[in-house]
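Chains S, Y, C and Z supply the protein sequences, listed in that same order. Position 117 of the first sequence, counting from 1, maps to 116 under numbering that gives the first Met the number 0, and the rest follow consecutively. Position 314 of the second sequence, counting from 1, maps to 313 under numbering that gives the first Met the number 0, and the rest follow consecutively. Position 40 of the third sequence, counting from 1, maps to 39 under numbering that gives the first Met the number 0, and the rest follow consecutively. Position 195 of the fourth sequence, counting from 1, maps to 194 under numbering that gives the first Met the number 0, and the rest follow consecutively.
Because the hints were derived from the structure by calculation, they are not lab data. Some hints could be false.
Repeated chains share a single entry, so a pair holds when one copy, or any two copies, can fit it.
As a list, the in silico SDA-like pairs of lysine to any residue whose alpha-carbon atoms are at most 20 Å apart [said to hold, decoys possible]:
| id | residue 1 | residue 2 |
| --- | --- | --- |
| 1 | LYS169 | ARG247 |
| 2 | LYS63 | GLN254 |
| 3 | LYS169 | VAL54 |
| 4 | LYS205 | ASP256 |
| 5 | LYS205 | ASN258 |
| 6 | LYS250 | SER29 |
| 7 | LYS169 | LYS250 |
| 8 | LYS105 | HIS21 |
| 9 | LYS162 | ARG247 |
Since the model is a prediction, treat every value here as computed from it, not as a measurement.
The primary structure of each chain is shown beneath.
Number of protein chains: 4
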Amino acid sequence: MHKIGIIGATGYTGSELVRLLHHHPEVEISIITSETYEGKRLSDIHPQFEGIVDVTLKSAKQIKEVNPDLVFLALPHGVSMDYVKELAGESIKIVDLSGDFRLSSKNVYEAWYDKPHSYPEGFAQAVYGIPELFRKTIKKAKLVANPGCFPTGAIVAAAPLVKEKLVDPKHLIFDSKTGVTGAGVKAKVVTHYSNVNENFKAYGVKTHRHTIEIQEILSQYGETETTVQFTPHLLPVDRGILTSVYARPNKQITQGDLNNLYDQHYSNEPFIRLSTTNPEIKNIRGTNYIDIFPLFDERTGNIMAFSAIDNLVRGASGQAIQNMNLMLGMDEGLGLDIIPLRP
Amino acid sequence: MHKIGIIGATGYTGSELVRLLHHHPEVEISIITSETYEGKRLSDIHPQFEGIVDVTLKSAKQIKEVNPDLVFLALPHGVSMDYVKELAGESIKIVDLSGDFRLSSKNVYEAWYDKPHSYPEGFAQAVYGIPELFRKTIKKAKLVANPGCFPTGAIVAAAPLVKEKLVDPKHLIFDSKTGVTGAGVKAKVVTHYSNVNENFKAYGVKTHRHTIEIQEILSQYGETETTVQFTPHLLPVDRGILTSVYARPNKQITQGDLNNLYDQHYSNEPFIRLSTTNPEIKNIRGTNYIDIFPLFDERTGNIMAFSAIDNLVRGASGQAIQNMNLMLGMDEGLGLDIIPLRP
Amino acid sequence: MHKIGIIGATGYTGSELVRLLHHHPEVEISIITSETYEGKRLSDIHPQFEGIVDVTLKSAKQIKEVNPDLVFLALPHGVSMDYVKELAGESIKIVDLSGDFRLSSKNVYEAWYDKPHSYPEGFAQAVYGIPELFRKTIKKAKLVANPGCFPTGAIVAAAPLVKEKLVDPKHLIFDSKTGVTGAGVKAKVVTHYSNVNENFKAYGVKTHRHTIEIQEILSQYGETETTVQFTPHLLPVDRGILTSVYARPNKQITQGDLNNLYDQHYSNEPFIRLSTTNPEIKNIRGTNYIDIFPLFDERTGNIMAFSAIDNLVRGASGQAIQNMNLMLGMDEGLGLDIIPLRP
Amino acid sequence: MHKIGIIGATGYTGSELVRLLHHHPEVEISIITSETYEGKRLSDIHPQFEGIVDVTLKSAKQIKEVNPDLVFLALPHGVSMDYVKELAGESIKIVDLSGDFRLSSKNVYEAWYDKPHSYPEGFAQAVYGIPELFRKTIKKAKLVANPGCFPTGAIVAAAPLVKEKLVDPKHLIFDSKTGVTGAGVKAKVVTHYSNVNENFKAYGVKTHRHTIEIQEILSQYGETETTVQFTPHLLPVDRGILTSVYARPNKQITQGDLNNLYDQHYSNEPFIRLSTTNPEIKNIRGTNYIDIFPLFDERTGNIMAFSAIDNLVRGASGQAIQNMNLMLGMDEGLGLDIIPLRP
């Protein structure tokens with residue numbers, strides 16, 4: 000049994016970690032922390048756990064005395080970095096669910112996140128945590144930067160195209176649509192029911208931080224400089240991201256070629272389901288799957304790809320556990336064998 | 000390992016049985032049937048199972064050769080009865096999820112279901128499957144009539160009041176609100192998105208078949224003749240039933256008395272969570288829990304009770320598995336240890 | 000043309016007043032106020048008005064110099080009372096949409112609203128604004144207390160029963176379900192999308208302030224002391240209230256008698272639609288209608304009635320305009336001839 | 000007063016025509032037809048009209064004897080063409096809401112609609128009914144082909160770019176998201192509540208009929224051959240379409256240039272609202288407005304534009320009335336002065 004800590008229990012990624020780890024056969028949760036709700040029970044904050052996980056929340060100051068094998072940082076960006084710094088000399092492995100160590104450098108971070116970075120040494124250590132692309136380095140990592148929700152679906156959908164230099168890397172378009180939980184647990188104007196329900200809009204056009212994350216990781220993985228146009232939209236649903244990718248092939252191609260390409264990259268991946276129909280977010284709800292449908296339109300000459308993920312699972316806590324499994328030498332899929340909740 | 004069959008895989012209760020049994024440690028699904036889709040894969044009908052449960056659907060004619068220990072009949076009422084008749088001489092145990100054997104007699108059935116009953120012998124054999132009320136007889140049953148979704152939440156909420164003769168049995172009011180999946184998988188005017196979304200209404204007032212089911216079971220369990228007013232309403236959600244019960248005490252009572260009463264009945268029950276706040280359907284989503292909040296209003300003199308269940312799990316397939324566990328001598332909660340999917 | 004002021008433009012009732020009055024043929028909006036957003040345009044706060052109603056918001060201090068014929072107070076309770084006091088000596092008529100003058104006395108108010116009342120003289124002046132019940136006094140009123148959203152649907156549905164002494168006045172049950180806009184425009188935990196969506200629960204059981212409002216008005220109108228059990232629930236929709244009423248007849252009755260009773264009371268009312276099917280909130284969306292379906296269940300001996308209203312229109316701003324029309328001597332229905340927005 | 004007929008009253012476009020025309024000051028509805036429901040009242044089919052518009056439905060065979068000035072064909076494609084043929088020799092003007100006369104020729108129609116066309120003569124007569132682009136010819140038209148819902152929002156958003164030859168016409172991408180009413184009133188698998196709610200997916204990728212409509216009209220209006228990639232997605236809302244347009248400029252450009260361009264084209268248009276924030280479908284709900292936000296991303300070099308319409312109003316019945324107003328010599332905006340229903 001591995002001992003695990005969850006730092007930050009009051010958001011949705013924290014509660015999802017508890018939900019998923021509860022059934023993990025080789026892990027026990029040794030500590031769950033919240034500075035705001037220290038002393039309260041988890042189920043006081045997240046009532047669905049009542050009678051199931053009623054554990055008392057501790058302060059993160061107790062982490063070192065508990066000395067877990069690995070901690071998840073389920074904290075906002077700008078906060079995570081201080082914990083990573085604090086734990087730098089310890090043997091505790093870290094999966095950071097924030098955006099603090101996903102980018103390439105302090106400069107890039109500060110330009111897109113508009114705040115100073117307190118632990119720039121972390122950028123070199125951090126491994127970007129998409130197992131299908133970076134499995135080998137994740138296994139050896141001390142610090143994994145768990146990917147953003149949008150980047151996960153976007154990068155995995157486009158990676159084969161960029162890696163094989165099949166498409167013009169300067170004209171990649173990602174039109175994404177996310178459920179409301181992506182905006183977090185806090186009550187804000189943007190999460191007021193009557194502003195979301197029966198509504199739909201784009202937001203963060205040109206400026207969303209996940210733009211640079213997608214662009215840097217695709218450039219790194221594809222060993223090509225890419226330019227990414229990323230447009231998020233807000234769906235009136237709780238969970239799920241559908242991303243529609245548009246790209247221009249720079250050589251002759253057929254649908255068969257495209258299918259082969261995705262098969263080569265992903266057909267052995269346990270959490271990727273290649274599809275020949277349009278992915279639906281309800282088909283992956285509550286799970287770690289990525290459903291992908293690549294498509295070539297002979298009439299227009301465009302390549303498209305559609306990907307569907309659960310933003311809280313594959314886009315956050317599920318992928319974090321997949322990374323933990325690799326980092327601690329366990330089977331990658333442990334604890335993540337879930338059937339989507341549909342209907 | 001017990002061998003299990005699922006008769007009727009194309010509805011929601013069928014797919015929920017597969018979802019839940021997939022993780023059951025002591026059961027294997029030996030056959031899943033559909034007369035309409037024989038030869039197709041389960042995931043052709045329910046795409047969320049793609050790559051997880053792709054088993055081929057068989058005809059129910061093959062049941063006897065497979066010879067499972069128990070079958071679930073996930074069939075419409077009026078169809079189930081023929082299968083029960085057919086399997087009457089076999090050693091195969093049956094959990095019938097339809098309404099065909101829940102009532103007391105052929106006469107009552109035909110009056111409320113407005114169709115002839117082909118196997119009236121079954122009424123005497125069938126045990127009504129709410130484990131918290133009828134656990135002992137369920138353990139020995141060959142045929143369990145799995146309760147209706149509304150009756151489950153209504154009966155469990157009111158049973159202590161009736162059993163202890165605390166309330167006027169002639170004036171019981173159940174105001175229930177259900178998610179759309181209660182109307183089944185078929186496309187109908189009533190399930191058209193734009194008839195449900197942003198809408199709310201009562202239906203089946205005075206005539207809903209679950210009225211007599213609630214009334215008969217409460218009368219039987221409480222050993223008192225009851226009169227039940229039951230009003231279902233249709234909620235714009237997928238899953239969940241909230242029932243608000245109104246009753247008149249026929250003796251002096253306090254909130255403390257009420258709490259004690261419910262504690263005595265239910266505090267040791269693994270799937271009942273007694274609450275002191277208003278139950279929410281999202282807190283039990285995807286699970287077998289019943290959340291109950293009993294309440295006495297000193298000002299008006301009324302007793303109220305609120306119960307929340309997931310209509311597809313506790314109101315159908317989850318309770319069916321709980322019954323199966325009892326009938327096959329396993330731990331009652333096996334396979335049902337699930338954390339609600341919230342948000 | 001009558002000159003009208005709207006005090007408090009930032010909430011939903013304020014924006015609904017503007018939406019509805021925009022088409023009123025005999026009224027012009029002379030001033031719209033907001034202390035918080037003074038100097039901003041209405042469409043900065045409510046973007047749907049962009050290019051349609053872009054008027055600049057003023058301070059309420061300018062009301063007297065504008066000197067309108069009538070003002071609507073679209074303010075929170077506890078705030079309205081000060082404006083009523085301030086305008087006491089003026090000739091400006093007032094429709095107060097808050098709860099400050101709906102109850103019978105300072106004592107009752109303070110007991111249920113848990114705050115001191117600064118203008119108790121107003122209770123005697125204020126006329127309760129349900130035109131179908133109190134039309135004559137409304138016409139002569141200087142101050143109308145516009146009814147609460149729940150009380151409107153509840154009282155109109157039950158008034159004929161109480162007035163005719165047909166039912167036991169001590170055992171009236173109102174089980175109501177409301178859309179989220181009833182909770183106001185502010186971002187709160189209770190209005191967070193993911194706490195409402197796919198969810199349903201009761202709230203304010205035993206203690207909701209509309210309980211006493213329903214009880215006092217039914218007692219007054221029916222000239223009988225009533226006891227009201229009122230249970231609100233929160234629906235995942237924007238607008239609409241469905242109320243289910245349960246009552247015990249205290250004499251022999253038939254469905255025909257019931258129909259006659261409601262016909263006598265309401266068949267000439269332009270905004271009441273008596274129905275013989277279950278009212279749906281989508282059938283009255285955006286309008287001032289009340290759909291009512293009274294029902295007698297011979298089997299149980301209970302009388303039921305279902306009513307549907309739009310909480311922002313008939314439950315607030317539409318009824319306020321209906322009252323204004325009466326107070327200023329216009330046709331009662333002016334500006335309220337709207338077809339429901341369905342789908 | 001102009002006399003108007005509505006052929007086909009049972010769908011959503013039919014009921015929207017009635018809703019909107021009810022307040023039109025210079026038009027009276029002389030006949031509403033339904034072959035299926037002849038003899039029933041409109042409010043039997045669309046219950047929201049109860050007590051407001053209860054008119055009896057007639058057969059379309061009575062059109063000629065009523066002899067209206069103009070008829071709306073609110074019929075499925077493949078059906079409309081026969082009515083147009085039938086009325087060819089009459090003086091009755093026609094606004095056809097189906098897709099039967101929107102394309103350039105019988106050949107193109109049959110290739111994309113996969114059915115024979117019975118009245119190819121109509122293609123030459125029909126004027127495509129986007130008033131902002133084709134106002135002059137609409138005024139003189141006998142037959143207007145009312146645009147598809149998606150094409151309306153897509154074409155109006157991109158027309159200035161194509162007209163001014165500012166962008167590469169071969170690489171136009173339209174990523175659209177529509178509410179469920181676009182799929183019509185019929186109960187189908189795709190409109191089942193539980194297949195739409197909490198779900199999102201693309202559909203009709205590469206093959207949707209609106210693709211060729213957008214492409215042909217943009218080519219015609221821009222006098223350039225265009226290639227259009229159009230991807231519709233299904234939103235869990237009743238009404239509204241948001242379209243995100245992506246294009247490559249073929250010359251140097253700034254945001255200021257873009258703003259000027261759209262101002263020149265649209266600043267005098269009563270139903271186009273140019274925006275500098277992200278359009279939201281709830282801000283145009285129930286109305287004839289098109290909200291447009293054009294945007295240049297200096298970092299990527301892409302032009303984007305976002306447009307929001309109500310698919311049933313501006314995407315169908317509202318635009319049909321705007322066309323009627325022009326065809327009958329009335330003010331273009333008559334009957335369409337509506338404030339969006341938000342919240």
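Exercise. Any of the earlier hints contradicted here, and which numbers?
Worked result: 2, 3, 6 and 8
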